[in-house]
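J.: In order, the protein sequences belong to chains Y, G, D and V.
In terms of the working numbering, the first sequence opens at residue 1 and continues consecutively.
In terms of the working numbering, the second sequence opens at residue 1 and continues consecutively.
In terms of the working numbering, the third sequence opens at residue 1 and continues consecutively.
In terms of the working numbering, the fourth sequence opens at residue 1 and continues consecutively.
Check the hints yourself; a few may be wrong.
FRET-style restraints, in silico, Cβ to Cβ [said to hold, decoys possible]:
# : chain 1 : residue 1 : chain 2 : residue 2 : range
1 : G       : Leu46     : D       : Glu89     : 23 to 33 Å
2 : D       : Glu89     : Y       : Ala70     : 57 to 67 Å
3 : V       : Gly142    : D       : Thr15     : 40 to 50 Å
4 : V       : Ala128    : D       : Glu13     : 51 to 61 Å
If the Cβ cut is set under 10 Å, some of the chain Y residues that face chain D in the computed set are [claimed, not checked]:
#  : residue
5  : Phe9
6  : Arg11
7  : Val21
8  : Glu22
9  : Leu25
10 : Pro26
11 : Gly28
12 : Ala29
13 : Asn56
14 : Ala62
15 : Pro68
16 : Ala70
17 : Leu78
Listed next, the in silico DMTMM-like pairs over lysine to aspartate or glutamate satisfying Cα-Cα at most 20 Å (straight line) [to be verified]:
#  : chain 1 : residue 1 : chain 2 : residue 2
18 : V       : Lys116    : D       : Glu141
19 : D       : Lys116    : V       : Glu141
20 : V       : Lys116    : V       : Glu141
21 : D       : Lys116    : D       : Glu89
Everything labelled a hint here was simulated from the structure, so no lab data went into it.
Everything numeric in this text was worked out from a predicted model, so none of it was measured.
In this text, a Cβ means the ideal position worked out from N, Cα and C, and glycines have one as well.
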Amino acid sequence: MNQFQVLLFARYAELLGSAQVEVNLPSGATAADLIHALRQLPGGDLLPPTPFLVMNHAQVRAGQQLDPSAELALLPPLAGG
Amino acid sequence: MNQFQVLLFARYAELLGSAQVEVNLPSGATAADLIHALRQLPGGDLLPPTPFLVMNHAQVRAGQQLDPSAELALLPPLAGG
Amino acid sequence: MIRVRFLSQVPLELTPLIDSVTAPDRGAVATFAGLVRNHHAGREVTALAYSAYEPMAEQVCQEIVRETEASWPVRIALQHRLGDVPIGEAAVLVVASSAHRAAAFDAVRMVIDAVKSRVPIWKRERYADGSEAWVDPTAPEGVTPVRENR
Amino acid sequence: MIRVRFLSQVPLELTPLIDSVTAPDRGAVATFAGLVRNHHAGREVTALAYSAYEPMAEQVCQEIVRETEASWPVRIALQHRLGDVPIGEAAVLVVASSAHRAAAFDAVRMVIDAVKSRVPIWKRERYADGSEAWVDPTAPEGVTPVRENR
């Protein structure tokens, strides 16, 4: 198992009650696995099915494997400008 | 005969040596008549054949009759902005 | 390399940003300022706060500036405000300077479009009735109501 | 009606011009500044002076602002400098404020294009070699040499 730290922002941080969560997943876990696990957390049921996940500031696709040493973050719809 | 006062600007004022000239023309004179007369003045030979003439701030076409009581001005190519 | 700070907790000022990219051979300066409005999606907005995923936002702003300067003969300056922003103050400023105005206009548009679509920044609005919502351009009503922590 | 002065003998300032057209319900502000460049048509420019047919220039600027405000949901501010203008200072400023940015961008472009094509203003340049010329966008070389009075 690997431990993944995931940063949460704005509405997603409110939904899960924290700006950062830890998730344990088997090694080789993909973005889709992580999002599935996040949606099981209290409040996570209100996350969209395919939220915008970034790894080291770059978008990750659903089937992509996650690097446990990378910085992961789940981004609500952007509203800058 | 009517006396027409014509304002000159920028390069045209330099060519004719004055910011304003007076021209006497028969009543009923047109813009083309005025420009012909201006080109006979000292330095006027360097005016273009169809310079931009305005009467009360509005462009005048060659065949249009001039109003002796209106404000006439001959405008070099614009270069604002 | 000097690290440019694109995010600011203090009021943005256009004049120093313009001065940072103008030069005697670049006479055309186009700018865009996005000011905080007092209404959104039909509701009266009384207060507003921006937050960001700051390291990524800085990086993406840097990328946008570099891409734009590589695509047009321009110099770009960009700043985005964070934290509480009063109505009427600037949330974002973009400046493009160029030798000719067409490139400056095009570049400013490209930058502001890219900021809106790519920089991880979020906006929380408070309304005249005391309720709050997250601005969400993907939502049918443009906002998602705030859900208190459980 | 308050008479707006579009022509200025003193340095132009962008901030008060922006403030004159912004409002809490108009969050998008696009601007254009035309600064005096140190080169033109391949020559080094050291000094520059603008002159105008002032009553007509004021009237045409007013018309341009009104036409633009009638064509887009914008408020427009416009100023043009006259007299000697040092390199790097603004010759012209245009501001458009709107509820949405597309209209503000389009309006600024429309105004600056109209200023260049319709307002009776002239520009005399002095070059590093001491010679002078009138800027003439219709001339093949972009300028017409100054001819001294006879």
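J.: Which of the listed hints are not met by the structure?
T.: The structure conflicts with hints 1, 2, 3, 4, 7, 8, 9, 10, 11, 12, 14, 15, 16, 18 and 19, although it agrees with all the remaining ones.
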